[in-house]
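Participant: Could you use the hints to bring the two separately framed chains together as a complex?
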Amino acid sequence: MTSFDSTKVAEIHRQLHAHLPSDSALRVKALESLLVEKGMVTAETLDAWVEAYSEKIGPKRGAHVVAKAWCDADFKARLLDDAASAIRELGYLGNATAHLKAVENTATVHNLVVCTLCSCYPFSLLGVAPNWYKTAAYRSRAVRDPRGVLAEFGVSLADDVAVHVWDSTAELRYLVVPQRPAGTEALSEAELAKLVTRNAMIGTDRDLAAQPGEGA
Amino acid sequence: MDGAHDLGGREGFGPIDVNEPEVPFHADWEGRMWAISKTTGQPDWTIDWWRHVRELIDPVDYLSRPYFDSWAQTQIAAFIDSGVLTMGEAISGKAEGALHEPQPALTVDEAVAAVSSQATRFDQPVDAPPAFSVGQSVLTASAGHSGHTRLPQYARGRRGVIHAHHGAHIMPDKSAAGREEAEHLYSVAFAAQALWPEANRNDRVFLDLWESYLEPAG
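Heads up: the protein sequence lines correspond to chains A and B, in order.
Numbering-wise (this note's numbering), the first sequence opens with residue 1 and increments by one.
Numbering-wise (this note's numbering), the second sequence opens with residue 1 and increments by one.
Same shape as in the complex, but just chain B (with noise of 0.2 Å):
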């Protein structure tokens, strides 16, 4: 969706706090949210739905609210979407329905533990031969959808170069639509000057972008 996330190349936005204090969580709401997100998403959600439903909050609250009260919205509304929690509970924050079976609690060692086992994969195996090659020229779709989608607006209509092929990997396009189909994956290199004029000469910019978001270049 061309929304208020797709932010690469939008102007205003200011100069960045390089002095914030490097530490992982600047509040203690912040290390909750994290850890709600890493320990409840349910079994049907994917990346890409959670990512979509980031990106359907007002572009106002998207751009102006903190990053990870962002996570708590997000969760929040996956949740009631998919009737884990209903709006009145979200609400008032008393449970109305049914109580789950209280779930075992985790020492950090047991947490250190499940970081290691989320390395999920995303490739899987396609029948379909690649139909690009490495140091081939590729023009991008010009055009987005209503839907999650990873090709951004400013990286639409132009020319690159396939610069890596990485097999096949789950279509985010799809997956955010509950369909886990996969796609032949590119890393595509574009001279930054054909993104932007103004840009120095000897940069690129490097974007993973699927089979379908490409056609040849003429």
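Extracted from the complex, chain A is given alone in its bound form (with noise of 0.2 Å):
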């Protein structure tokens, strides 16, 4: 039974630094033998949701809807309207995207993504948090210093394009839809989607690039 007493679980974290190894693999490692040795999951579980994260779940989806976004307007609509909704039907609503919402770039508009009190991310549609995004540096600033933080990233941003900071606080998750690159007429929905960087999604990227492979 949890307790759901503080008090207790701070006591066990004290015990916790006296005792576990300080090196992160170890304590891993440590973790995963016992796990496996009591039964509660196996190593092959955990080698195929490594892979499901490395290879099937990531960026690549985000990259997706946002292309499709440009391609086809009423698309674009319901993705605004109810994101969620709108990447069930490309098969990407999942862990962490149930209450979504897409957030769109304009001229006069730039919008950047944070999580100040965790780590909040919609994992079923760009993977893996980058680990930037968890750091104590881009929390503490990305709400402060927004512009100073995009500029970190390469994107200066003149004084009259307004910034929206989207700090998520409770379980809706966002992405930002980033705005098509001029030049881009003729390209496939699949050749958009290679111009999506994952930043821009996030808001530390604004620029892209009309070729893919171009630095923005």
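Derived by calculation from the structure, the hints in this document are not laboratory data.
For glycine and all other residues, C-beta sits at the position ideal for the given N, C-alpha and C.
Errors might be hidden in some of the hints.
As the list claims (entries may be wrong) - Sample of chain A residues facing chain B (criterion: CB under 8 Å; computed from the structure):
1) 6
2) 28
3) 32
4) 99
5) 156
6) 159
7) 163
Facilitator: Structure (structure tokens):
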């Protein structure tokens, strides 16, 4: 039975701090072998989850959604109205995306997503979050100094372009829909998807290249 | 709780590693920990309890140890609290108590399907109508409390405007204490200058806040 007792858990943390090996890899290796020995999970199942999030589930899904929105006005309208339903059409609804909000960049608005309290991220759509998204540096600064953060990522904004920062404090998750680059009228949806960077869907990238592989 | 995890607006953490390689895991143990957390959660844990267990890590450890290391310590502490593991088992790495029936192994396709099946909704119907409407000015609570809460310190005692209403969602302060009760949830827009005077006058910060964090602004 779970206690929901903060004082009890704080004491457990102090004992773990005193007795667990300091090395993170050793900690996790010992935890895995213990859980496997107790029959709570198998190593093969853990292998499958690692492979699922390494090979199958990642930012290519989000890029597909964005490219489809660029090409299909009806889909874009559905995405902006109810993003969870829209991504369900593509089979991407899942862990941490049941309440999803798509926020669209325009010539006068730039959107940036953060979770200042933990590390909330739309896993089934964008995969595992980048490490920088989970650092104290990003979490502390994205709300207070978003333009400084953007400058470090190479994004410079005119003063009159408004930054909208979305702090994921509830179970809503956010997808930034970047602007379609000029000069891409001839590209297919699949080609357009290759232009959409992971960072653009978080908001730390803005001006996408018009050809895959060109640095923005 | 007013812990080290409540980082919004804190200063001194320095630049961001913008050249981090774009890979899901930067070491094998990170992937193993991710997978453990996705497969071994207990039925009576709530997402808010898990977050609170993570917040209760010693603040020096919270800020200095690797990210997925904090997931390991959270998972272990929550297992011990729930009686799934003993402290002795966690420290020795050897099972002492009863063993479970071994779980069948999942394939990659089954893991991908499981991700789809984890589209957990947090909204629930409530009888009470929403107290606020879109466009209304609100004032956030000025104080927090020692349990789990999702009103960050930087947005306490500040004026904002209701940007959207999302129906009623499970209230995290209660869910972290083992009680699932829903309350109306709103996206609230704050002028960045209402939070930090030095901010650009055009910028806004949006937070998703529950009704009991808010009162009407005069």
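Participant: Are the hints correct? Go through all of them and say.
Facilitator: Results for each hint:
Taking 8 Å as the C-beta cut-off, the interface hint given for residue 6 (chain A) holds, the closest approach to chain B being about 6 Å. Against a cut-off of 8 Å between C-beta atoms, the interface hint on residue 28 (chain A) holds, since the closest Cβ of chain B lies about 4 Å away. For residue 32 (chain A), the suggested interface contact is upheld, since its CB lies about 6 Å from the closest CB of chain B, less than 8 Å. Hint status for residue 99 (chain A): holds, given a least beta-carbon distance of 7 Å to chain B, under 8 Å.
With a cut of 8 Å, the hint placing residue 156 (chain A) at the interface with chain B is violated, because the nearest CB-to-CB distance is about 13 Å. Interface restraint check for residue 159 (chain A): the shortest CB-CB distance to chain B comes to about 6 Å, inside 8 Å, so the restraint holds. Using the Cβ-Cβ criterion of 8 Å, the hint placing residue 163 (chain A) at the interface with chain B is satisfied: the shortest such distance is roughly 4 Å.
Hint check: a violation occurs at hint 5 only; the rest are consistent with the structure.
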